[in-house]
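Student: If you want the building blocks of each chain, they are given just below.
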Amino acid sequence: MRSTFVQVISRLAREDPKVMLVIGDTGFSVMEPFEAEFGPRFVNVGIAEQNFVSFSAGLAAMGMKPFAYNVVSFMTLRSAEQIMLDVCYQENPVILVGVGGGFAYGTAGPTHHALQDIAMMRAFPNIDVYCPADPAEMEAVMLTAYRRQRPAYIRIGRSVDAPIHEGVVDVPVQKVIPISKGTDIAILACGTILREAVQARKLLEGRGCSVSLYSVPCVQPLDEEAVLACAGGHRAVFTMEEHGITGGLGSAVAELLMEHGKYPPVFHRYGVPDSFAMLAGSRDYQLDYFGLSPEKAAEDMWNRWRGAQ
Amino acid sequence: MTINDPKEFARAVRMHVAGTLCRTRDSHIGGGYSSADILAVLYTRILGLTPDNLDDPNRNVFLLSKGHIAATFYTTLAYAGLIPMEDLALHVVDGENYAGHTRRFVVPGVEMSAGSLGHGANVGAGIAYAKKLQKLDGRVFVLMGDGECNEGSVWEAAMFAARFSLNNLVMIVDRNRLQSYGSDEQVLNMGDMAEKFRAFGCNTISIDGHDHTALEELFSRVGLDGDPRPTAVIANTVKGKGVSYMENRLEWHFKSPNEEQLAQALEELSQ
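Residue numbers (this note's numbering), protein chains in the order written: chain P, 1 to 309; chain F, 1 to 271.
Quick caveat, the hints were computed from the structure, so don't treat them as lab data. Treat the hints loosely; a few may be bogus.
[Claimed, not checked] Derived contacts from chain F toward chain P, CB cut-off under 7 Å, selection only: (1) THR2; (2) ASP5; (3) ARG23; (4) GLY100; (5) VAL106; (6) PRO108; (7) HIS119; (8) VAL123; (9) SER153; (10) ALA157.
Each residue gets a CB set at the ideal place from its N, CA and C atoms; glycine is no exception.
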C-alpha cells in the first residue's frame, strides 16, 4: 500500500505542479524517490503533528494540493483539533494519509494501535473518509480524493499487500464494491480487514452458507443505497472493521438501517470492543484475540445465522 | 470612511469598539486595545490590501491568530475599507456573519478562521512555504497573544519556519502580560520571550507595540532585507491601552463597558 501510495502520488505530481507530499518524520526507505524527484515539494515537518496538519492546511489555503502522510494514531489523536479546525472547518483540501490503521503496528502496543480514527473523522464535518483494502482500491481512492479537492482522510495498513481485486477499481470510488453475491449472509467490510473477510466468506461457504461480500472503501459518505439494498436481501447482515466497535463502519451501517426501518433478523458489528489491547502480540494475534480472525469471525457468523433459522 | 494616519486610525478603532462592546457585551476588549496600534500600522502602512486585491496570490497575508479580538479586527477591516462600516452593527447578531471569533470566507479580509489558540503561526508557515515554492511576493504576518505562546504548537511553527528559512513569515507577539486567569508571570512565566524565539532560530526584535513610527519602520523591512530567518516581533503592549480603568487590569480581558464606562472611555480616547 505504501509503495502504491508513492507510485500514485509521484504520477500525480508529474502531471500537477501543485501536488505536494508532507510527512511527519515517517516513511523511511519508501518516500526517498519522491523527495529526490520533487525537491521542495517534499517536506518533512518532523515529529510535530500539530504543525504537520496546520502547515498542510496553510499550503492548501494557497492553492497547493498536499498529501499529508503520517502514522494514524499520532496524526488523528494528537492533532484532532488541527484537522477539525484548520482542514475541515476552513475547507482546506488536505488529503491526510494515515499509515498503520487498526493493528498494523500490532506488537508496538496500544500507543500505535489505531482503533478510533474512523469514528473521529466521521464525526467531523466536511471530510471524506476512505479505507482502501488493496493496491487497486488505494489507487482509486487517491485519484478520487485528488479530483474532489476537498478534505479527505485515507486510512491504510502497513505492509505491501497482495491484490484482492483482479483489475483496476473504478473511479470515483464512493460506492461499495461487490466481491461475491450470495443469498444468506451479507458482509460489509472496510479497509485492512477485507482480506480476513474474504477468508471468512470462504469458510462460511464451505459450510454451505451463501455469502454476499462487499468492500466499503468509502465510509463517509456511505453508499446508503447499496447498504439499504443489501439489508433487504439477506437474513443476516454483518460489518467487519479493524477498528473499535464505536463509531466506525458498523455504527454507520446500524444508524442507517435503523433510521430507514430496515431490521435484518441478524445484525452484528465485528470490531474491537471497548478495550485496549493489553497483551503484547502481532496483528494476527490481536485480531484473533478480539474474534476478528477469519476462523473466529466465520464461526461466530455461522452461529448467529444458524441461531436465527 | 478610511483613515490613513495610524494614530488616528487606532483612535477611531478603539472608540468604535468601545461602543460596539457596550452594546453586544461580547468582550475581549483589553486584548483588542493592546493590539490596536499594531493592526493600525499594518492596515494603514504595510499590508496594502484593498477590496480588489484580496485574491491576489502576491498579496500580503495577515492572519489573526488571537481570534478572540474579533470586534477590534472587524473594526480595523472596516476602517481599512475592506468591509462596509455598517457591518460593524452586525457584531454577534443572530444569523449574521460576524461571530465572536473571526471566520474565513464569510468576512472579506479574514484569511483564517480562528478561536482556538496556537494555530495561526502554523497555518502561516504553510502559506509562507507555498508562497516561496511558487515564487510569489508578499509576506505573511501572524498576530498572536503572549498567553497563546503557552501552546506548544507555536514553538513547532517557530522551529519549522527557522529550519525552512521562511523569512517571509513575520510572527508578532502581543506581549501584554495578562492572560485569562492571571498574569503571564503567575500562569507560566514565559520569561524572556525574545530570547526564546531567538533560540528557536528566529530573527527576533523587541519593540514598543504602541509606537506607530517604530512599528512602521520595523514592519517595512523585516523579511525583505536578505536575512534568511523568519521574524518574531515581541511587541510590548499594555492590555486595555488607552482607557485608564482598563489598562493592565485582568478583568478587562472579559468585561464590557457599561454606558457610564463607555462615556469615560470615549472621553479619554478622544484626547
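Student: Does each hint fit the structure? Answer for all of them.
Tutor: Checked hints:
1. THR2: violated (27 Å)
2. ASP5: Result: violated, 32 Å to nearest chain P Cβ.
3. ARG23: violated (28 Å)
4. GLY100: violated (15 Å)
5. VAL106: violated (11 Å)
6. PRO108: violated (15 Å)
7. HIS119: holds (6 Å)
8. VAL123: This hint holds: VAL123/F lies near chain P, its Cβ roughly 4 Å from the closest one there, short of 7 Å.
9. SER153: holds (4 Å)
10. ALA157: Holds, about 6 Å.
Going down the numbered hints, you'll see the structure goes against 1, 2, 3, 4, 5, 6, while the others check out.
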